[in-house]
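2 protein chains.
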Amino acid sequence: MISKNKLKELAAYRQQKRCDEEAVFVVEGPKMAAEAMASGFAVKVLCATEEWRAESGERRAESGEFYEVSQAELERLSNMRTPNQVWMLVERPDNSSLITHHSSLVLALDRIQDPGNMGTIMRTADWYGIRHIVCSQDTVSCYNPKVVQASMGAIFRTRVDYVDLPQWLAGCGMPVYGATLDGEPITELSSRNTEPSVLLIGNEGRGISAEALAAVTRPVTIPNRGGTAESLNASVAAAILIDRLIG
Amino acid sequence: MISKNKLKELAAYRQQKRCDEEAVFVVEGPKMAAEAMASGFAVKVLCATEEWRAESGERRAESGEFYEVSQAELERLSNMRTPNQVWMLVERPDNSSLITHHSSLVLALDRIQDPGNMGTIMRTADWYGIRHIVCSQDTVSCYNPKVVQASMGAIFRTRVDYVDLPQWLAGCGMPVYGATLDGEPITELSSRNTEPSVLLIGNEGRGISAEALAAVTRPVTIPNRGGTAESLNASVAAAILIDRLIG
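Sequence lines, in order, name chains A and B. Numbered per the numbering used here, the first sequence spans residues 1 to 247. Numbered per the numbering used here, the second sequence spans residues 1 to 247.
For reference, chain A alone in the conformation it holds in the complex:
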């Protein structure tokens, strides 16, 4: 059972601003909830339907508040069109305390705007073992609910930093691959990249900003075989480049 007041209080977290202020994020659905509980991230609040409790066998988070809710109550909390059994509020980790896992490739995102693209890029990075993503300040928040859901759990396994990107790139001390229109065809790279490097992905419509582009030391291009399409989706381009570099 949940009181009307508590429900109202929690429904306020549908506003991203509220989540930002309290350094929490919303996680939904049984699959993501299971990942959250296994991740070691602190679960502050867990709301779930009776159905979830029956199926998951009383798998409550160890700490935090727990409320059983009806489907209608879940709908008041949820950001999704069809809320699915569980809604939880999870604490954001303190990045400065996180050990940066080393992977051969660091992803740098310049002004990615679409939450679906951002989440999908995180999911792809996770598949390839990339543990560190560095973003320009105006890239969509990785704690946006749509990003969290599209990441399919990568949010719990990836360090994401928001920085002054041109400055970070200039000082990172690694070669920087960046997708441009007239770079080396990615299909002609001799072999898998093994030295620590950065792959820079630009904005959906406008590509890499001039300031960030200045730091690109290895411009690469995905050849346009068809000759008719104008561009690739940003998360698709990122995936093809990641695969060619470290797949």
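In case anyone wonders, no lab produced these hints; they're calculated from the structure. Just so we're clear, the structure is a prediction, and the values are computed from it rather than from any experiment. A couple of the hints might just be wrong.
Since the list can't tell identical chains apart, any single copy or any two copies may satisfy a pair.
To be verified - For lysine-lysine, the following BS3-like pairs were computed, each having C-alpha atoms within a straight-line distance of at most 30 Å:
#: 1; residue 1: Lys8; residue 2: Lys146
#: 2; residue 1: Lys31; residue 2: Lys146
#: 3; residue 1: Lys146; residue 2: Lys17
#: 4; residue 1: Lys17; residue 2: Lys31
Place chain B on chain A using the hints.
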């Protein structure tokens, strides 16, 4: 100007069923509208704001009805959250009359459900020069408005057939690549595929159906380098496989 009755009549095309019955589809936004008009597809109705006429310089479709509409009227017609200057109703082509453009790879889609994925796959295929996509009957319609928009114009350049997929695959006479969990690592394929082949992509959550899987002659796998992620997004997996096969 548009009459109230006409607006009501056209707003009915927000229902996919209505579009299906009349073999038309909705195209929105100046970029897609320009592609539609350049495509040779028949434009039945074009509704646009004054802004569009000013910017595009009276670029009406040669045939079909034209109505100038207000932003509020455009919102009544549109499937989009932020309608953008133009809405049009375009006739679906008769596939049986289309010449199948030859490309070295035919895409086969087994039960792709998400319109964003479907459109993104079409867009990626277009980039790689793939002109023919064959879908199982229960794959999302390529004329779904979200598919059309996500295809970024590929809808005007791609033949899409809906067929009994297992039967089509069994009779196609080409090798069939299919993404499975224990296929040959795609990274170890010796070189670009040049013989006519089929690449089969499965459903987002459930993969390739048992019936379609029986027709796969070349099972391939995208190696899971990270070891933590459970899967890749379907449109991302399709892109990586297409790139490895014909990129």
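Outcome of the hint check:
no.	hint	in the structure
1	Lys8 / Lys146	within (22 Å within a copy, 33 Å between copies)
2	Lys31 / Lys146	both (15 Å within a copy, 26 Å between copies)
3	Lys146 / Lys17	both (15 Å within a copy, 29 Å between copies)
4	Lys17 / Lys31	within (25 Å within a copy, 33 Å between copies)
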